[in-house]
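When you get a sec, could you build the whole thing from the sequences and use the hints?
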Amino acid sequence: MKIDPDTITWLLNSAEPWTRYRTLLDLLEYPQDHPQVRQARADMLAHPQVGALIQEAAGWPGYALQRHNDARHPLYKLSVLADFGLRADDPGMSATIERVLAHHSPEGALESLVLIPPAFGGTGSEVWAWMACDAPTLLYVMLAMGLGEDGRVKAALSHLASLATEIGWRCTASPELGRFKGPGRRSDPCPIANVYALKALAQASAFPDSPCAIAGVEMLLHHWERQGELKYFLFGVGTDYRRLKYPFIWYDLLHVADVLSLYPSAQADPRYRAMLDAIVSQAGDQGRYRPTSMYLAWKGWSFADKKNPSPWLTFLALRLQKRCVFRQNQGHSTTGGN
55 MKIDPDTITW
65 LLNSAEPWTR
75 YRTLLDLLEY
85 PQDHPQVRQA
95 RADMLAHPQV
105 GALIQEAAGW
115 PGYALQRHND
125 ARHPLYKLSV
135 LADFGLRADD
145 PGMSATIERV
155 LAHHSPEGAL
165 ESLVLIPPAF
175 GGTGSEVWAW
185 MACDAPTLLY
195 VMLAMGLGED
205 GRVKAALSHL
215 ASLATEIGWR
225 CTASPELGRF
235 KGPGRRSDPC
245 PIANVYALKA
255 LAQASAFPDS
265 PCAIAGVEML
275 LHHWERQGEL
285 KYFLFGVGTD
295 YRRLKYPFIW
305 YDLLHVADVL
315 SLYPSAQADP
325 RYRAMLDAIV
335 SQAGDQGRYR
345 PTSMYLAWKG
355 WSFADKKNPS
365 PWLTFLALRL
375 QKRCVFRQNQ
385 GHSTTGGN
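Positions 55 to 392 (my numbering) are the ones given, in order, by the sequence shown.
In silico DSBU-like cross-links for lysine-lysine, where the CA-CA straight-line distance does not exceed 35 Å:
id	residue 1	residue 2
1	K376	K208
2	K285	K361
3	K208	K235
4	K376	K360
5	K208	K285
6	K56	K360
7	K361	K56
8	K353	K376
Keep in mind the hints are simulated off the structure, nothing from the lab.
See below:
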């Protein structure tokens, strides 16, 4: 894929150091020790918005999680920091990381403080527990921040892989949550659980071609293929799904496509190509992207401004396209990028 040089210049001139940092790494393939990369990373760590995220994440667990699309919860402050490229040894992160790792179930999953009302099969009390729609996000954060060799993280990774079935991941939760189950059939896969699980597993080199990952990828592609006629746990593929949105919190097109772009089994699939086309068709002037939906909790960030193109959202859309073209070219060349 040939990216418009003017778009790259726009990204590199952005006031967002996280966008500059990831553009240099992921689009231009500069090494981590390149002076421009090091400067962008230093600028990112010193930026007040990133500092505020680090401070908010440091309050983990913050408050009991009652719904998994709660955009202001510290869980998603952590995942955004991981998306940007922060590491466990960055200033202000180590104590937060230890607070997360301090709570893990006997099965191995990383736990969150949650509260599920009895009406939904829960206990009605705050409890440390795990669900298939929160534990994988914590695992993703730990892996992305460089903690793959930690025994607690390894146990969480093994546990997540063990939950997979021939149709991907179902709605699953720890025994502490009583009879909790999402609004769907127990035999069905849970779309958002598959997205979260695949995002975490992609951080571990042993899993991209594993049977559990392939099952999860197929689940998401099949759901796209049956759009308009098939819902799992109230998740459908319709107008709201197609809106461009960040942070990656819920079940929507950009989130799903970003995760699938990490898997070779998805890259050449025509269903994935159709998803990518649905994103590219939303580019505005000069190939820039603006959000068409937003989380109010993130007001003040470019990806929560529907009136103007967002450098970060544009970077994400371009990275998707670059990954897809790279996978295509692997079959014709022994060289390539990331």
